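Chemist: All chains should be built: construct the whole structure from the sequences, respecting the hints.
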Amino acid sequence: MRAALAILRKDLRIEWRTKESLSSLIVLGVLLLVALTVAYDPTPETAATLAPPVLWATFVFTGLLGIQRGFLVERENDCLAGLLGAPIDPASIFAGKLAANLVLLAAMQAIVVPLVGLFLHVDLGASLGGLVVVLLLGNLGFAALATLFAAIAVRTRAREVLLPVLLLPLLVPLLIGAVKATEHVLASGLAAAGDALGVLAAFDVIFTVAGWLLFTYVVRD
Amino acid sequence: MRRFGGVAVLAGVDLSVEAGELVVLLGANGAGKTTLLRVLATLLRPSEGTLELFGVDAGLRTAETLRRVGYVGHESACYPDLTGAENLTFYAGLYDVPNAAARVAELLSWAGLDGAARRPVRVYSRGMQQRLALARAMLHAPDLLILDEPFSGLDPAAQTALDDRLLALRTAGHAIVLSTHDVARAAPLATRTVVLHGGRIVWNGAGAADPVVLARTYDDVTRGRA
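These protein sequence lines map, in sequence, to chains A and B. For the first sequence, our numbering begins at 1 and goes up steadily by one. For the second sequence, our numbering begins at 1 and goes up steadily by one.
Please note that the accuracy of each hint is not assured.
[As the list claims (entries may be wrong)] Non-contacting residues of chain A with respect to chain B, defined by C-beta distances greater than 12 Å in every case (computed): (1) W16; (2) E20; (3) L28; (4) V73; (5) E74; (6) I93; (7) G117; (8) L118; (9) L170; (10) I176; (11) V209.
[Stated by the list, open to error] One-sided and incomplete, this derived list gives chain B residues near chain A with beta-carbon spacing under 7 Å: (12) E21; (13) L66; (14) Y71; (15) G198.
Just so you know, the hints here were simulated from the structure itself, not pulled from any lab data. It should be emphasised that the depicted structure is a prediction, and the values quoted were computed from it without experimental measurement. Ideal placement from N, C-alpha and C gives every residue a C-beta, glycine not left out.
Modeler: Shown next as structure tokens:
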């Protein structure tokens, strides 16, 4: 756990210093929001149903970019070899990178979520508590799976293409659950989203455990 | 044995290194030196055969074994957006180095990087990055130090400082395996010289070698005359 915390601190320090990932994520998130809002041209009647898919489509595409960049840091100067040569469990590298990705996603969402409310004229404030729960569960599953696959993709030449190709099909259950849960939370509150939250929680458990167990084999030669 | 995509880069390499030995690995480009060193550092698994480090199957990659190994490859393994001091402090944490701050300061001083310790590694020259990489590998005083062309990028003063350090480590009982193309520099350091050619060991000379004899031998085996 100490190694995971050291890796988290290191990643956050690099991000704080460069602000490369977060600024890219926010810019891409805002651009996606604008594009989707213009494309759908929501009316006051359709805006509430449009908000959940717009939110999650934005998070997935911006998140992919951010998580990929998180592993490129380890590729530069062959830093991954430095980590793998250290007397630490490779699973702690997974835990550290996962935690850093979660912080990055949360920071991006802190900017993008209010903008979704603004662009689509949806009152997200009224459902903020429930929305935070959905975001936390959705983020964990997404980040766990993306962290695992980013470790695979970063070792390949076609990494920019490979990560979405590998990841997006596997994210479908999470996306359906997250969109449904968000819809229920916005319409009726957290209590109404029980089933969808169950899907998210199951996804989180499966892929966090899978990432923890498989990461060693993924990063090693 | 180590293959890449069906091509054997190392074949039938049988090598043991004892404490207090400094083994210099020579060979032409593509001879398999880097692959062998990465296998020794447990960063690559042998496709066939076994590797034991300190009497333990290296494939297990136990923390105790890894803690006793230091490795410098062709790249520094240091984060460009962290400072030199931050990089060493980060690795000192991973290796659980006691009195980490003092150890980091000592090695920064040895590497001649005191003045640049608070600057990001991104602005370091090639030689400074190499010195930082060497400091990183020595941070936890490993019993086995594996160095892939450690003299590359270093100025003469830094090369001499590295010579002195390696000799001191060797005398203190640390085992060192290094690869180089600089035969004249390597010969006085070596307790043993190994020449790798086509993925095989073609020369394994015990004892300190005469630079002239060693250079001739190296030349002969890499040109296929021996």
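Chemist: It remains to establish, for every hint, whether it holds in the given structure.
Modeler: Cross-check of the supplied hints:
For W16(A), the non-interface assignment is contradicted: its Cβ lies about 10 Å from the closest Cβ of chain B, within the 12 Å cut-off. Residue-level check failed: E20(A) sits 9 Å from the nearest beta carbon of chain B, not beyond 12 Å. Every beta carbon of chain B lies more than 12 Å from that of L28(A), the smallest distance being close to 21 Å; the non-interface claim holds. For V73(A), the shortest C-beta to C-beta distance to chain B comes to about 7 Å, within the 12 Å cut-off, and the non-interface label is violated.
Against the 12 Å criterion, E74(A) falls within the reach of chain B, whose nearest CB is about 9 Å from its own CB. Taking the minimum C-beta to C-beta distance to chain B, about 10 Å, the non-interface status of I93(A) is violated against the 12 Å cut. For G117(A), the condition that its CB be more than 12 Å from all CB atoms of chain B holds, with the nearest at approximately 34 Å. Every CB of chain B is more than 12 Å from the CB of L118(A) (nearest about 33 Å), matching its label as outside the interface.
Every CB of chain B lies more than 12 Å from the CB of L170(A), the least distance being 27 Å, so the non-interface label holds. At roughly 38 Å, the least C-beta separation between I176(A) and chain B is larger than 12 Å, which holds for a residue marked as non-interface. With a closest Cβ-Cβ approach of about 21 Å to chain B, V209(A) is found to remain outside the 12 Å limit, as its non-interface label requires. Contact between E21(B) and chain A, as hinted, is not supported at the beta carbon level, the nearest pair being about 21 Å apart and thus beyond 7 Å.
Checking L66(B) against chain A by beta carbon gives a least distance of about 4 Å; that is within 7 Å, so the hint holds. Here the hint on Y71(B) is kept, as its CB sits about 5 Å from the closest CB of chain A, short of 7 Å. This hint is violated: G198(B) has a C-beta 22 Å from the nearest C-beta of chain A, more than the 7 Å allowed.
When the structure is compared with the earlier hints, violations turn up for hints 1, 2, 4, 5, 6, 12 and 15 and for no others.
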